[in-house]
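S.K.: Each chain, letter by letter, is given below.
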Amino acid sequence: MNAEKFIQRLCLVLVTLYFGVSLAGPLTALVVSSLQSGDDGSAANLAGRLTDPRLVRAAGNSLWVGALTSAITTALALFYAYGLTRARLPLKGIFAAAGQIPLLAPSLLSALALVYLFGVQGLLRPWMGEASIMGWQGIVIANVIATFPHALLVLRTALSASDGRLYEAGELMGRSGRSMFLAVTLPGVRHGLVSAALIVFMLTIADIGAPKVVGGSFDVLALEIYEQVLGQQDFAMGAAVALAMLAPTALAMGIERWAASRQSAALSARSTPLVLKPHLARDTAMLTGCSIIAAGLVGVIAVCQFASVAAFWPYDVSFTTKHYDFNRFDGGGWQALGNSVQLAVFTAIGGALLVFANAYLLEKTKPHRVVRGALSGFSLLSAAVPGLSLGLAYVFFFNNPANLLNGLYGTMAILVLATITHFYTVAHLSATSALKALDPEFETAAAAMGRPFWMVAARVSFPISTPALIETALYFFVNAMTTVSVVVFLYGPHTKLASVAVLNMDDAGDVAPAAAMGMMIFYINLAVRIAGETVLTRVRASTTRGKVS
Amino acid sequence: MSEAIDVASLSKTFGGQAALSDVSFSVPEGAFACLVGPSGCGKTTLLRILAGLETPSSGQVLLNGSDATRLNPASRSIGVVFQSYALFPNLTAAQNIAFGLHGKDWPRSNKQARVDEVLALVGLSGLAKRKPVQLSGGQQQRVALARALAPRPRFLLLDEPLSALDPHVRGALRAELKDIQRRTGVTTVMVTHDQEEALALADLVVVLRAGRLEQAGSPRHLLEQPATPFVADFVANMNIIEARAESGERISIGATVIAGVVHGLAPGAALSVAAAQGNTRLTDAALPAACPARVRAVEFAGRQLRVIARLEAGGTLIRAHAPLGSPVASGDVIGVAFDPQSLRVYAGAP
Chain A
9 MNAEKFIQRL CLVLVTLYFG VSLAGPLTAL VVSSLQSGDD GSAANLAGRL TDPRLVRAAG
69 NSLWVGALTS AITTALALFY AYGLTRARLP LKGIFAAAGQ IPLLAPSLLS ALALVYLFGV
129 QGLLRPWMGE ASIMGWQGIV IANVIATFPH ALLVLRTALS ASDGRLYEAG ELMGRSGRSM
189 FLAVTLPGVR HGLVSAALIV FMLTIADIGA PKVVGGSFDV LALEIYEQVL GQQDFAMGAA
249 VALAMLAPTA LAMGIERWAA SRQSAALSAR STPLVLKPHL ARDTAMLTGC SIIAAGLVGV
309 IAVCQFASVA AFWPYDVSFT TKHYDFNRFD GGGWQALGNS VQLAVFTAIG GALLVFANAY
369 LLEKTKPHRV VRGALSGFSL LSAAVPGLSL GLAYVFFFNN PANLLNGLYG TMAILVLATI
429 THFYTVAHLS ATSALKALDP EFETAAAAMG RPFWMVAARV SFPISTPALI ETALYFFVNA
489 MTTVSVVVFL YGPHTKLASV AVLNMDDAGD VAPAAAMGMM IFYINLAVRI AGETVLTRVR
549 ASTTRGKVS
Chain B
148 MSEAIDVASL SKTFGGQAAL SDVSFSVPEG AFACLVGPSG CGKTTLLRIL AGLETPSSGQ
208 VLLNGSDATR LNPASRSIGV VFQSYALFPN LTAAQNIAFG LHGKDWPRSN KQARVDEVLA
268 LVGLSGLAKR KPVQLSGGQQ QRVALARALA PRPRFLLLDE PLSALDPHVR GALRAELKDI
328 QRRTGVTTVM VTHDQEEALA LADLVVVLRA GRLEQAGSPR HLLEQPATPF VADFVANMNI
388 IEARAESGER ISIGATVIAG VVHGLAPGAA LSVAAAQGNT RLTDAALPAA CPARVRAVEF
448 AGRQLRVIAR LEAGGTLIRA HAPLGSPVAS GDVIGVAFDP QSLRVYAGAP
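Note that the protein sequences, when read in sequence, are chains A and B. Heads up: the first sequence runs through residues 9 to 557, numbered per our numbering. Heads up: the second sequence runs through residues 148 to 497, numbered per our numbering.
Bear in mind the hints are in silico, worked out from the structure with no lab data behind them. This one's a predicted model, so the numbers in the text were calculated from it and none came from an experiment. No residue lacks a Cβ here, since even glycine has one placed at the ideal position from N, Cα and C. Be aware that a few hints might be false.
To be verified - Using 30 Å as the maximum straight-line C-alpha spacing, the simulated DSBU-like pairs for lysine-lysine come out as follows:
#	chain 1	residue 1	chain 2	residue 2
1	B	Lys258	B	Lys276
2	B	Lys325	B	Lys258
3	A	Lys372	A	Lys444
4	B	Lys325	A	Lys372
5	A	Lys100	A	Lys285
6	A	Lys13	B	Lys258
7	A	Lys13	A	Lys330
8	A	Lys13	A	Lys374
9	B	Lys325	A	Lys444
10	A	Lys13	B	Lys251
11	A	Lys444	B	Lys251
12	A	Lys374	B	Lys325
13	B	Lys276	A	Lys372
14	B	Lys325	B	Lys276
15	A	Lys220	B	Lys276
16	A	Lys444	A	Lys374
17	B	Lys251	B	Lys278
18	A	Lys330	A	Lys220
19	B	Lys251	B	Lys276
20	B	Lys258	A	Lys220
21	B	Lys278	B	Lys258
22	A	Lys444	A	Lys13
23	B	Lys278	B	Lys325
To be verified - Distance ranges between label pairs, derived from CB positions:
#	chain 1	residue 1	chain 2	residue 2	range
24	A	Ala255	B	Asp313	42 to 48 Å
25	A	Gly297	B	Asp313	44 to 50 Å
26	A	Val378	B	Gly284	23 to 29 Å
27	B	Gln230	A	Trp342	48 to 54 Å
28	B	Gln230	A	Pro409	58 to 64 Å
29	A	Ala445	B	Asn257	32 to 38 Å
30	A	Ala191	B	Gln230	57 to 63 Å
31	B	Arg299	A	Arg548	35 to 41 Å
Next comes chain B alone, as it looks inside the complex:
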């Protein structure tokens, strides 16, 4: 599969403030990429640079192998769906969609057919004459998507398109969005702050933090091999614990020594350890391999309990699951044990 989008050493500053610093990644043709990260990490700036709405301070954007860094938006063959949808409120759904169909590629006869086609694609065939105010949030989002897809762009850029919808509608539309993208085959880049959404939709997840690239890869790769404690925490939802290297394949968390952890670091070196919630078990505090912790809260999480406890060594908050009916309550002192094989170790304190 060839690369459709190549972002090379991209940086952007606003009034001396760096919004993006030396970001590089590639999106294969036809892939669905998600830019994910907390608020202010630069993901929307990056999307606007891809759209040609902002010019980078340095670096390059290649679209299908050609330098598009300074190309205006109209010449990039992109469709954009904005967070607010930016639907024109005085135009009907069909008129909104037709707004982007202009020039010699779209004679009047083809326009109507294309409008009908994309309306059918997003499942709104009967609503062509409705104005945005007469449509629900989900329907507006579909019109925005249809409008972006109508001119048959080579790239589709989505800026948090689902964030304004309630969770129920969002879930349904997420699946539909993925389906439409697969059917059209358009290379897509979507911005989201919701890592669950990114993992559900993307072929490629690009994780940004404070304007820098943390990791780019498939959802499975990110979940199984998070490159940094931030990715482990933000994307994989793992517990990040302060630890110290010991001799051999051993590490210590406070006074608790855990064997069977490969780290390759000098004894005494500070470490960050990432443990998946599924591999974090609650046990008796008296067991030798258990880290003592005090329970702060117990919440219902579907068919099990989510226990939030603070490790006595280092004070890190740990999240773990326990079966429904487990005799654990806020204030209890418990033991937390980790599966040594599944722990990921990073040099340096969290």
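The shape of chain A in the complex, shown without the other chains:
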């Protein structure tokens, strides 16, 4: 065996080991745990748990809020994305940035804003009469805000890929704008719509922040796992619920991938860009609608910022910084914020490198088709596992004294591993598409020159992919700062995290410090994002394109 084949095989073994430890092992432990520790330790026991009336009700509730949030968010995001891509909107850059704002803050922050506005002591409470924000309606609104940027990203990309020739052809045939929308635009973004709806659905049913803060007595699966594990210490029941939650997300992920495989390219090499002509009714409607949505998204952050520096919302709004004195409250203090940054940095660097190395192996090397097929499957599987289920699976797997990796439990390393794995799929898909865009003959050319594949990877493919690598690192960073679900069961006394602190402080009644912590996460993410964009602009300018058109 020559050195090149040996290195290829070694890399495949290492990545297989990674997925074994990060996904296959924990998920197996989760299944085993859900079957054990009952009266008879049998599968019948699991069936009994899964048919528990409380769990069935929570499952129904989760599906309901998931579906409703998905429908509303997808519709709003389609409208907003249409405004950004197909209307002559002024200040498009600002609208685009506003649409991404919720991504930089924990999803809890939108729920906290709802409490500040519509809660018992909410600013707008007097206008609401008997209506209450607590319950499914609160969960849906909070999740619409939190998941909006995810749907927007997908739909904006889908709508951007427009072939101007089709619209010109329609115009020449005398078709109206409405009929072109139905005949060309909508079919073109069909996969984007399915994808956005399913992503929002998966995020919503896995979310724990909104149900905890504004859910009231409305039970959902995510909260059920949390209560079973941390409240009742019934790990077997928690495992059963975590498994139950896996079914709809796995199904949603399966549908999304199936839809992706059926999507044909919207653009060909001969496509021409769509030139937008002024259209007063359309542009006015879009400007109005997008302004309202953008104001809502910015408003959420503004309310939290305002409340976090108000002495006692809403009665005494004089300025104070006391809520930022985190060390006075439970949740881990400033140390938690430091830990979160540390987690985000490790996740960003480790995640981006791992994802690209694996994507490179899968895309650019040939041998061991079966192993590569399995790795490809694992790369997509992680998106189908809700964060809470994954976190709990890690508890069962790593907290087992018989496991050689038991020492990782409670450390920063396990948090990094879990976070990378949780956000793996989206990063993998973007790395894969970046590598697919490179000339497939690079490796062949190097082989003909007697140069090994890693030489091309190190000197050519990775340097050209630097913008995508930075994007991936930023994606990991921002998500590591904000995630709650995947880490909530895994942090130790020395690895408390800021996002979890928001949850815990709110739970303890320290709502303003919770908002303040949420704002700190937001500002750190904003700073990193801006710095990242600056670097990206420079890198894009310096790297020449080697894409196959």
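Fit chain B to the supplied structure of chain A, relying on the hints for placement.
M.R.: For chain B alone, coordinates are given in the frame of chain A:
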């Protein structure tokens, strides 16, 4: 001249589909060979097998007399120019060229000198520091050629290197390519689907069709003695006409009998007849040795007209030339006559 490349009974299948079937030919040392054929005929597969990028299902590749069938690309002493050029976009022209100069044969001091030397060879001395995106298509093609030649390979393999260029640049580079090959003396195999390019460049033309070898030989040999109707049509651009053997040295095209054609076949046997366009004349349809045809199109072809007509017997399309100003128009019924001595006869219908 000894044989540098020997391809013996080479076959390759992809998932049960034959890409190459029992292909054999030899390329003498220092020769320029062209693999030519229509899309999907297996020419690129054959080139990739020569490069060691694919392994044949059966058969042998001998390089300078040694069996290289299973040898990896790095051990074959080959330089390859790809259709897309595969230039590394983040490296300069010089860095691209130096990428293949490695190992103990190329200490740092020799590398730079060699890069300069090949850049001069392809006429790009001043452009060493440019990245591919800053070079024109023709310049990129030259960098790719320089990169392939830099390690002083014994064999140069070119996969349709000129196909991405516009016709004007292609013509100029074709001559330069031939000149560089002659100066370096490297045994070269080039894939092309353009028979004109193959005839202009090659010492040896290897014609492939559906994975099988149709004929291998010098351009003159192929033009004068095409072995099959396909070679006559694809390489020599001849008219291929359905005919029938008659007694003696006679054949018939429909009702028209043409004398003076040697065929050696039994009367009544089906034939394919190849006639060079230059030996296909337009005459009066009433003449006894003329085949009646109806004109389908008349095109300008430089200083003469190209007439495309359909023979009334058999319906074959015929291409012939006529002087500018000839009174021939679409829809006319004309006669087509052939020079019997120049006709090539093949057994079996086209």
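S.K.: None of the hints should be skipped; say for each whether it holds.
M.R.: Comparing the hints with the structure gives:
no. : hint                              : in the structure
1   : Lys258(B) / Lys276(B)             : holds (15 Å)
2   : Lys325(B) / Lys258(B)             : holds (25 Å)
3   : Lys372(A) / Lys444(A)             : holds (9 Å)
4   : Lys325(B) / Lys372(A)             : violated (34 Å)
5   : Lys100(A) / Lys285(A)             : holds (16 Å)
6   : Lys13(A) / Lys258(B)              : holds (28 Å)
7   : Lys13(A) / Lys330(A)              : violated (60 Å)
8   : Lys13(A) / Lys374(A)              : holds (10 Å)
9   : Lys325(B) / Lys444(A)             : violated (35 Å)
10  : Lys13(A) / Lys251(B)              : holds (22 Å)
11  : Lys444(A) / Lys251(B)             : violated (34 Å)
12  : Lys374(A) / Lys325(B)             : violated (35 Å)
13  : Lys276(B) / Lys372(A)             : holds (28 Å)
14  : Lys325(B) / Lys276(B)             : holds (26 Å)
15  : Lys220(A) / Lys276(B)             : violated (61 Å)
16  : Lys444(A) / Lys374(A)             : holds (14 Å)
17  : Lys251(B) / Lys278(B)             : holds (27 Å)
18  : Lys330(A) / Lys220(A)             : holds (25 Å)
19  : Lys251(B) / Lys276(B)             : holds (25 Å)
20  : Lys258(B) / Lys220(A)             : violated (67 Å)
21  : Lys278(B) / Lys258(B)             : holds (19 Å)
22  : Lys444(A) / Lys13(A)              : holds (22 Å)
23  : Lys278(B) / Lys325(B)             : holds (26 Å)
24  : Ala255(A) / Asp313(B): 42 to 48 Å : violated (58 Å)
25  : Gly297(A) / Asp313(B): 44 to 50 Å : holds (48 Å)
26  : Val378(A) / Gly284(B): 23 to 29 Å : violated (41 Å)
27  : Gln230(B) / Trp342(A): 48 to 54 Å : violated (59 Å)
28  : Gln230(B) / Pro409(A): 58 to 64 Å : holds (60 Å)
29  : Ala445(A) / Asn257(B): 32 to 38 Å : holds (36 Å)
30  : Ala191(A) / Gln230(B): 57 to 63 Å : violated (38 Å)
31  : Arg299(B) / Arg548(A): 35 to 41 Å : holds (38 Å)
In the structure shown, a violation is registered for the earlier hints numbered 4, 7, 9, 11, 12, 15, 20, 24, 26, 27, 30, in ascending order.
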